[in-house]
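**Student:** Chains G and W, in that order, are what the protein sequence lines are.
Numbered per the numbering used here, the first sequence spans residues 1 to 270.
Numbered per the numbering used here, the second sequence spans residues 1 to 310.
Source of the hints: derived by calculation from the structure; they are not laboratory data.
Hints are not guaranteed to be accurate.
[Unchecked claim] A few chain G residues facing chain W, derived, Cβ under 7 Å:
#: 1; residue: Ser110
#: 2; residue: Ser119
#: 3; residue: Met124
#: 4; residue: Ala127
#: 5; residue: Phe157
The C-beta atom is built at its ideal place from N, Cα and C for all residues, glycine as well.
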Amino acid sequence: MTTEAFAAELRFRAIDMLIKAGSGHPGGSLSAADIIAYLFNEELNINPQNPDMPERDRFVLCKGHAAPALYCALAMRGFFPLKELDTLRKLGSPLQGHPDMKKLPGVDMSTGSLGQGLSVACGMALAAKLDGQSNNVYAVLGDGEQAEGQVWEAAMFAAHYQLDKLIAFLDLNGLQIDGTTKAVMDSAPLDDKWRSFGWAVQVIDGHDLNAIKAAVAKAKTEKTPSMIIAKTVKGKGVSFMENNVDWHGAAPKGEQAELALAELRKGVSL
Amino acid sequence: MSEKIATRDAYGKALVELGKENPAVVVLDADLSHSTKTIKFAEAFPQRFFNAGIAEANMTGVAAGLATAGKHPFISSFAVFAAGRAFEQIRNSIVYPNLSVTVAASHAGVTVGEDGGSHQAIEDIGLMRLLPGMTVIVPADAIETAGAVRALASYNGPSYLRLGRLAVPQVNTEDYQFQVGKATVLKEGETVAIFACGLMVAKALEAAEKLADQGISAAVINVSTIKPLDNETIIAYAKKCGAVVTAEEHNIIGGLGSAVAEVLAENCPTKMARVGIEDKFGQSGSPAELLELYGLTAENIAQKAETLLK
Ligand SMILES: Cc1ncc(C[n+]2csc(CCOP(=O)(O)OP(=O)(O)O)c2C)c(N)n1
Ligand SMILES: [Mg+2]
Numbered sequence: 001m002t003t004e005a006f007a008a009e010l011r012f013r014a015i016d017m018l019i020k021a022g023s024g025h026p027g028g029s030l031s032a033a034d035i036i037a038y039l040f041n042e043e044l045n046i047n048p049q050n051p052d053m054p055e056r057d058r059f060v061l062c063k064g065h066a067a068p069a070l071y072c073a074l075a076m077r078g079f080f081p082l083k084e085l086d087t088l089r090k091l092g093s094p095l096q097g098h099p100d101m102k103k104l105p106g107v108d109m110s111t112g113s114l115g116q117g118l119s120v121a122c123g124m125a126l127a128a129k130l131d132g133q134s135n136n137v138y139a140v141l142g143d144g145e146q147a148e149g150q151v152w153e154a155a156m157f158a159a160h161y162q163l164d165k166l167i168a169f170l171d172l173n174g175l176q177i178d179g180t181t182k183a184v185m186d187s188a189p190l191d192d193k194w195r196s197f198g199w200a201v202q203v204i205d206g207h208d209l210n211a212i213k214a215a216v217a218k219a220k221t222e223k224t225p226s227m228i229i230a231k232t233v234k235g236k237g238v239s240f241m242e243n244n245v246d247w248h249g250a251a252p253k254g255e256q257a258e259l260a261l262a263e264l265r266k267g268v269s270l
Numbered sequence: 001m002s003e004k005i006a007t008r009d010a011y012g013k014a015l016v017e018l019g020k021e022n023p024a025v026v027v028l029d030a031d032l033s034h035s036t037k038t039i040k041f042a043e044a045f046p047q048r049f050f051n052a053g054i055a056e057a058n059m060t061g062v063a064a065g066l067a068t069a070g071k072h073p074f075i076s077s078f079a080v081f082a083a084g085r086a087f088e089q090i091r092n093s094i095v096y097p098n099l100s101v102t103v104a105a106s107h108a109g110v111t112v113g114e115d116g117g118s119h120q121a122i123e124d125i126g127l128m129r130l131l132p133g134m135t136v137i138v139p140a141d142a143i144e145t146a147g148a149v150r151a152l153a154s155y156n157g158p159s160y161l162r163l164g165r166l167a168v169p170q171v172n173t174e175d176y177q178f179q180v181g182k183a184t185v186l187k188e189g190e191t192v193a194i195f196a197c198g199l200m201v202a203k204a205l206e207a208a209e210k211l212a213d214q215g216i217s218a219a220v221i222n223v224s225t226i227k228p229l230d231n232e233t234i235i236a237y238a239k240k241c242g243a244v245v246t247a248e249e250h251n252i253i254g255g256l257g258s259a260v261a262e263v264l265a266e267n268c269p270t271k272m273a274r275v276g277i278e279d280k281f282g283q284s285g286s287p288a289e290l291l292e293l294y295g296l297t298a299e300n301i302a303q304k305a306e307t308l309l310k
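Chain G with its partners taken away, still in its complex shape:
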């Protein structure tokens, strides 16, 4: 499957599962969809038959509320049956509201509490270094999440210990819960901040699959940890959700649900 097709199907399935669940976070799932689609369809060395393979690449969804995007990617790669996507957020489901590594194979870290994921990714990269393994560790952070002090503790740590296998994405969609990141807590200029913390920084269009691919390729050549700042649109792919903070954490219902699925179904063959 092309990554374009993978991404389109992932978006459709993510919103479909959210609608069935009746709750969840569409906006941030859609903004990160292309990054996650690229990583899971083309980049990550992972094996659905052996999810705990020691030499696998690691993936930490620091912004754990975008779980639907991760769950779809895992199901589409065959980690569990696609049918299970319908159980999102239901009692007894391995598809918890936020990713749970104890419940779902393929999830490398339980996340949901913002600010903690990058530290864990540092630990994973450090372990690989200690063991002489060459796997990469990928992380996806939110832009609202940048306000968490722990993120900058981890930023310092990664540069200090030269964790060059650590490749992070910053989903720069400009929105969090209470409004724009500019209004709530302006963390700009983020490129200069990450650079000054000793990271290799690239700024790309987070919906351009070729740009994502090229950025990862470049990041792999760096001698420092890498931050790929991906300019994205929150709610990307659903016209009424795009750049609209109201769709951070609400599932569409009724007519809006129909409309969202109709828009996302285009170009998807299921």
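Fit chain W with the ligands to the known structure of chain G by using the hints.
**Tutor:** For chain W with the ligands alone, coordinates are given in the frame of chain G:
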């Protein structure tokens, strides 16, 4: 009695021994390695020691990541910061995913001394005990600390090891084998059971001698594992003696006394008294002065027991 040793010193030494045998052991500290004694490991195994800087939250998360890849991290700082500052990181990045990390926190309790109340953790046992699946160990002496370090390194799941700054007397015999979840009867007795942990175990033994002078036969039980609690031993001695005193260098709310009260209330309600810090913060002073001031003494334990039996 043999030489007094602080449990933090025993910890530092035990880590080095462990490091020789177990390559999966890694150690992190947050700029307090000279105080927590992880410096010994850092010197012996520089490639397996990581100073996280004064960033306890990140240190906790890094340990979680290392544990996902099969390492067993011991992470150290003062208990106030290890358990307090990084509480939610311990909760969500270590205990919720059930990762095998040992949070080894030193400078617990008022015996930190002169640094004062800001540095004296009196609530850490309670915080850690509340986390589902967390194992909480408060060793009483150097021998037990060494045993606990070894046991926790091969233990499956998260653990909290509470260590002290002050040198404490040896209460266990050289051949003592620490076991997670097992309380140890150090002195048999019939009339009152004293359950203690940490440096209060030695005080409890002293108290038992004082009580013996009054013709009161006190059993002394070292409850070094606060969680999972050795319910069987606690219930057995409560039933046998009919009166219980607990003793800990911690707030009387949320620690050993609370844990024992919970078990007894449901299984065999027994009259009991708790010796501990009575819901106050600590302050500057010498450890000896503070132990006296907060009633963490053999006299107080003995007196509480006598009052109970009246
Ligand atoms: C520590 C913490 N505080 C608060 C929340 C609640 N919360 C969930 S998502 C969110 C906003 C996240 O914004 P951002 O990082 O920009 O993510 P995105 O826009 O990609 O969804 C908040 C505050 C949380 N999950 N964790
Ligand atoms: Mg955002």
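**Student:** Each hint should be assessed against the structure and marked as holding or not.
**Tutor:** Going down the list of hints, with the structure as the test:
Given hint, G:Ser110 at the interface with chain W, holds; its Cβ is 4 Å from that chain's nearest Cβ, closer than 7 Å. Look at G:Ser119: its Cβ gets to within about 3 Å of chain W, closer than 7 Å, so that hint holds up. Look at G:Met124: its Cβ gets to within about 4 Å of chain W, closer than 7 Å, so that hint holds up. Because the beta carbon of G:Ala127 sits about 3 Å from the nearest beta carbon in chain W, less than 7 Å, this interface hint is met.
With a least beta-carbon distance of about 6 Å to chain W, the hint placing G:Phe157 at the interface is held under the 7 Å criterion.
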